[in-house]
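Produce the entire structure from the sequences given, and follow the hints as far as they go.
What follows is the residue order along each chain.
There are 2 protein chains.
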Amino acid sequence: MPYFDAASAAPLHPVARQALLASLDEGWADPARLYREGRRARLLLDAAREAAAEAVGCRPDELVFTPSGTRAVHAGISGVLAARRRVGNRLVVSAVEHSSVLHAAETHAAAGGAVTEVPVGRSGAVDAARFAAALDSGTALACLQSANHEVGTEQPVAEAAEACRAAGVPLLVDAAQSLGWGQVDGDWSLLTASAHKWGGPAGVGLLAVRKGVRFAPQGPSDERESGRAPGFENLPAIVAAAASLRAVRAEAETEGTRLRALVDRIRARVPELVPDVEVVGDPVRRLPHLVTFSCLYVDGETLLHELDREGFSVSSGSSCTSSTLTPSHVLRAMGVLSEGNVRVSLPAGTAAEDVDRFLDVLPRVVAEVRERLGAPAAAAAPTAADGPLVVDALGKRCPIPVIELAKVFGEVPMGGTVTVLSDDEAARLDIPAWCEMRGQEYVGEEPSPRGGTAYVVRRVT
Amino acid sequence: MPYFDAASAAPLHPVARQALLASLDEGWADPARLYREGRRARLLLDAAREAAAEAVGCRPDELVFTPSGTRAVHAGISGVLAARRRVGNRLVVSAVEHSSVLHAAETHAAAGGAVTEVPVGRSGAVDAARFAAALDSGTALACLQSANHEVGTEQPVAEAAEACRAAGVPLLVDAAQSLGWGQVDGDWSLLTASAHKWGGPAGVGLLAVRKGVRFAPQGPSDERESGRAPGFENLPAIVAAAASLRAVRAEAETEGTRLRALVDRIRARVPELVPDVEVVGDPVRRLPHLVTFSCLYVDGETLLHELDREGFSVSSGSSCTSSTLTPSHVLRAMGVLSEGNVRVSLPAGTAAEDVDRFLDVLPRVVAEVRERLGAPAAAAAPTAADGPLVVDALGKRCPIPVIELAKVFGEVPMGGTVTVLSDDEAARLDIPAWCEMRGQEYVGEEPSPRGGTAYVVRRVT
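Protein sequences, first through last, are from chains A and B. Mapping the first sequence onto our numbering, position 93 (from 1) lands on 93, and the numbers just tick up by one. Mapping the second sequence onto our numbering, position 365 (from 1) lands on 365, and the numbers just tick up by one.
Careful: at least some of the hints might be erroneous.
To be verified - Quick list of simulated restraints, FRET-style, between CB atoms:
1. B:Arg450 / A:Lys211: 39 to 45 angstroms
2. B:Arg372 / A:Asp46: 26 to 32 angstroms
3. B:Arg130 / A:Gln18: 52 to 58 angstroms
4. A:Arg130 / B:Asp423: 58 to 64 angstroms
Note that these hints are calculated values from the structure, not bench results. Every residue, glycine too, gets a C-beta built ideally from N, C-alpha and C.
This is the structure we're talking about:
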């Protein structure tokens, strides 16, 4: 059954499994102890640290193992912010960072710190010059991911690092999505990653802090992992994480090329096979294995459910999926359509046939969901109408407001407007996105006297 | 090769190994996802939580999995202190808590909080009435371990919980050393534990917070584990932790009885076989598998090293072992001898023959270390001497100051005193302990004009 959500968690790499098994017997003791079992554990830990440091491109004593990528990010950000408190309290982040970074930024802001979010363009990338311009003399730390976890777009990390260097600001790079594919370019100061993203086991993150970066670990002190990651080391998993990082790196070029071609196939074929689709993210400067697209008039949760029934495991940044009621902050920051959003991220070893079968199944599944929701089959031709048109979609969840808009749009005379009333947060993103896709003019929004928001669209084609 | 340091980390239980292997294939995906692999992971996580909650004696929704026992303690303490800030800022702990608790207390004190350390008696137990007396109207939280990790003494947790309940103060019980042996008695509010102490894998701790306890997780928010333990769940290890907790519990009564008898054998035989030994910790109210003793005139690090050469892995609370230069805070709080300290903690399945061989080897090893250090073979008979005796042990590390004291003690006339000058922190504990063991009078200490401290001992027998 094809699992296409490697960006959430990759299946365990065979090398990780093997290393985990081997070190269960050799690596259960406390590496801080001086007896035989402790020394054996210490040797394993040291070797894992060396292997991971080599893959990251840092010195072994610059790298510690944390319990997860999230904890690495939290520790990295809080450690620099505390150590550079006298320099200033500004934290600069891109608007499309992983939630672990943005939540750390919220915590910083709640404690009185300043946070600057650097916006991204429609491809999901920050503009390096704009990132540089956000750095001021009171900036304690800047964070920029190596590549986006939802749309795969690579960030200009090397340029950002140069700008940070020039401004005397340390740069933390969240490399969770890219580290398995290669080292991060540029002169970063801190780097974080997560083993289960590259086929290592859960329970292991990496935090690298370059020598010379001021760093003050927060929280209660602990002598393990240079005082930067309290608690007994998750040793067999650490060994497996390091071994599998080496292994995926050895395969990265070949496998990256192969998956890139499969993703290119998806990028090209989906808009041909499925009407009213927007493929998002940079088509070239991107992760090899990840592609995201959004389908108009489709409810993300139903789409995921139907794809799951067909045997495909994918994820979505749509609102109305599982616990979330707002579209992903990434899609929002990019200003792209969020409804019917699907992220496909191929694990290493994905068979071309599985991708073909996905392309085979997807059009039918989307069509069925649209039919069930009563979506318009095609753009309606304009007909005459009296007075301004108002669509009341209050109380209706995504994608219904956009579907209702599309249904009445045929009645809008050329140059006329239609107003959609909606209290679903997704409409704010999806109605302008619909206009963009349809070549119509998005006039703007205003508070609706009947509650929610009134979105105004003008017919121009 | 006998491994006698289960209190640091127990070898992986066969059930843990089996469960870990099985869940590597079923439990690598993100349990927050709705597709097949995610649902499977969620089922495993839910089942593990139910099993662990049953073993702890709480509701599944009261229990979260953390990356370690240390992180469970840190999260538990900071969460209650923050939530009960308006009640007060006092944290009450016993003086012999695990370092994770005491480090959290230091962090609290550094941030302006108040910390009360409740002292312990010579057995290592707090007095329940004294613990109760430490609770005031401004106490936000009290912490008491279920049993001590260095000497095995059980704490009066049920009485402490009753006192806390009466005072309206939540009680956090660190059950790291005892949870494998059984549920914690009494009406605790929070409980923490660590899987690798009961034969589960590294990377898993437990934090239980009773419904109704005010709790505000600190640090950046995260939706996993009820917001109390950020980061991707360490799932296969969590499954293994829960499965092995059930397994060790099923064996606890039988194995506890067997190990208790082996420990009783050590407690009885060591003082018979080795001269000048103090067995510490409560002989009855204690963990079944753990015993600690200290040997006069012995350097802890050398002793550990020699025992390791003989194939025995034990640990020590002596100063001069590995990184530490001060005696363990537990031995210090108990006021017992720290030099030549050995902790034996038997993992489940320890063979009686291995214990016998240990008892066979220990006397010879101790005698050899003593001989090498020039320790006195027996208490010297008094001889006449002129003027007050002064032993200058400045610059000499434990156990040399006590050895020098013992060597000259024969020259001290009855009723006369000898002064030992020492700048080793261990002397503050070990010279009074020597007096106690020898039945001599410890007069007291004063700053030495030549640096360090002058310890005065009077000959009374």
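Lying within 52 to 58 angstroms: is that true of the beta-carbon distance Arg130 of chain B to Gln18 of chain A?
Between Arg130 of chain B and Gln18 of chain A, where Cβ atoms are some 54 angstroms apart, the hint holds.
When you take the CB atoms of Arg130 of chain A and Asp423 of chain B, is the distance between them in 58 to 64 angstroms?
holds, 60 angstroms
Assuming the hint says 26 to 32 angstroms, is it satisfied by the Cβ distance from Arg372 of chain B to Asp46 of chain A or not?
At 31 angstroms between Cβs, range holds.
39 to 45 angstroms as the expected CB spacing between Lys211 of chain A and Arg450 of chain B, which holds or is violated:
holds, 41 angstroms
Checked against the numbered hints above, the structure breaks none of them.
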